[in-house]
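Colleague: Chain order of the listed sequences is A and B.
At position 170 of the first sequence the residue is numbered 170 (this note's numbering), and the sequence of numbers has no breaks.
At position 118 of the second sequence the residue is numbered 118 (this note's numbering), and the sequence of numbers has no breaks.
Just so you know, the hints here were simulated from the structure itself, not pulled from any lab data.
Bear in mind that the values here come from a model prediction, so they are computed numbers and not experimental data.
Warning: the hint list may mix true and false statements.
Derived SDA-like pairs: lysine to any residue, alpha-carbon spacing no greater than 20 Å straight-line [unchecked claim]:
id	chain 1	residue 1	chain 2	residue 2
1	B	62	A	65
2	A	84	B	159
3	B	154	A	163
4	A	213	B	103
5	B	154	A	81
6	A	70	B	65
7	A	62	B	20
8	B	19	A	65
9	A	70	B	62
10	A	84	B	155
11	A	62	B	54
12	A	19	B	58
13	A	19	B	71
14	B	154	A	86
15	A	199	A	119
16	A	70	B	158
17	A	19	B	66
18	A	213	A	165
19	B	19	A	54
20	A	62	B	77
21	A	70	A	37
22	A	19	B	62
23	B	62	A	42
24	B	62	B	85
25	A	20	A	41
26	A	154	B	213
27	B	84	A	158
Number of protein chains: 2
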Amino acid sequence: MKTVATQSRVNKNSIPVRKKVYEHMKSDILSGRLNPAERLTEEHLAEMMGVSRTPVREALYKLESEGLIKPLETRGFIVSADSKEEVEELFEIRSILEGYALRIISEKITEEDLQRLNGFIEKAEEALEKDRINEVFKWNTRFHDTLHELVSEKLQLYRMIVSMRKNVLRHRKDTLQSSDGAKRTLDGHRKILLALRLKDPELCERTMRDHIKQAKEDALQTLIGVYKK
Amino acid sequence: MKTVATQSRVNKNSIPVRKKVYEHMKSDILSGRLNPAERLTEEHLAEMMGVSRTPVREALYKLESEGLIKPLETRGFIVSADSKEEVEELFEIRSILEGYALRIISEKITEEDLQRLNGFIEKAEEALEKDRINEVFKWNTRFHDTLHELVSEKLQLYRMIVSMRKNVLRHRKDTLQSSDGAKRTLDGHRKILLALRLKDPELCERTMRDHIKQAKEDALQTLIGVYKK
DNA sequence: GTCTTCAAAATTGTATCCAATTTTCGAATA
DNA sequence: TATTCGAAAATTGGATACAATTTTGAAGAC
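Input sequences plus hints: build the corresponding full structure.
Modeller: Below is the structure:
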């Protein structure tokens, strides 16, 4: 177990180990592979992944700063279980930020952008008719991504939105599993597009807030099951 | 709040070096003691502070995640200079978050809270009459702090607001140096109090947004000098 | 049976070491 | 003089060593 270390030092693709560890753990957490009950200690993780504690620590600190794990009262960390309240608040903050973003967008959106957004909605509608829920999810994601790109010049706002969305991702997919939720989501997107067409900042902000609040309700609905057990 | 019920056997006296380094550097940056042009390297910093590179790295990563320093194209970091645009956006995001926060607050504020806020305004007014600008600053800060505490049960929103405000701090003081700006600020606070008294969520949100936008203008005014040179 | 006490085990924090990589800078060359 | 080349210096990433602290768990006291 000693000389093995030398070979792993030679890193040809030059992706830092710390980054790999971070990505690996994040993916485990978001996918649910890592259980919120589990205790995480530096040494254990390091051994698990065959690396030293140094990069593990750095990954842990980063995950903590993003709220994906929490320091334990004793030692070590645990995967933060989203309480119902936390999920609610996450959506609430998203509704504020993205609502404001849509206001900004409405002031500068072009006809071409509107066409593009419309395209995604139509694609999603088609997929919905064919009951391909996964595809609906894909197009809806595109819709939101496009909106986010349209505020990307507000760099800090953009970053906050993207980072919030990553955290919400695990709930989002569940929501759309039901074709009922998918229908509601699509409906929301249509309303958003309309508000954008009218170029009414006030309406845009309100519509987006409502949309995300609806998404919140859907997410909570699916969460009930999770917390019941 | 947090579970303060931690065991008394936990050793609180030993502050980690990494934390000290972090605090030290942050304070240097926010106070302007550390020049935005300067290049920061792990080793140099470590030597400066008489510690090893390990805690320095961890502090650097944290500072980076908070946007106070930026990785250099080459190696090392530099203190991020706030561009005019960045400052503007910082205030803009604050206006969104705090605007929403005031909306929330308006739904649950008590007569006692209103009295307290009113007290701070009066104190600030008195100080202003006596031309004690520093004191005005103090009472105005108290006013905002009190508002922030009133949303502290929305833990994540609260954290975001507090963290944004820390970054803005260095601009804020400059603003209030002019008794003109101080007067405008006080005026804004009075309007906020009024909106709260009326318990009108819509008005509250709008008023707070306007207030922070005003503060932004004042801050930019003082920044012009900085960027001219 | 419950409560102390204390030493071993686990865990973290920091320092140091070594390898890899990038930058710098001066000498050789056209 | 400008350019290129390469070796030394600077810097970072990661591993390991070690000390300090906390947790655990078991033996002994009551």
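Colleague: Each of the hints needs a verdict: does it hold here or not?
Modeller: Going down the list of hints, with the structure as the test:
no. : hint          : verdict
1   : B:62 x A:65   : holds (8 Å)
2   : A:84 x B:159  : holds (18 Å)
3   : B:154 x A:163 : holds (18 Å)
4   : A:213 x B:103 : holds (16 Å)
5   : B:154 x A:81  : holds (17 Å)
6   : A:70 x B:65   : holds (17 Å)
7   : A:62 x B:20   : holds (18 Å)
8   : B:19 x A:65   : holds (14 Å)
9   : A:70 x B:62   : holds (16 Å)
10  : A:84 x B:155  : holds (13 Å)
11  : A:62 x B:54   : holds (16 Å)
12  : A:19 x B:58   : holds (14 Å)
13  : A:19 x B:71   : holds (15 Å)
14  : B:154 x A:86  : holds (9 Å)
15  : A:199 x A:119 : holds (19 Å)
16  : A:70 x B:158  : holds (17 Å)
17  : A:19 x B:66   : holds (18 Å)
18  : A:213 x A:165 : holds (14 Å)
19  : B:19 x A:54   : holds (17 Å)
20  : A:62 x B:77   : holds (18 Å)
21  : A:70 x A:37   : holds (11 Å)
22  : A:19 x B:62   : holds (15 Å)
23  : B:62 x A:42   : holds (18 Å)
24  : B:62 x B:85   : violated (23 Å)
25  : A:20 x A:41   : holds (17 Å)
26  : A:154 x B:213 : holds (16 Å)
27  : B:84 x A:158  : holds (18 Å)
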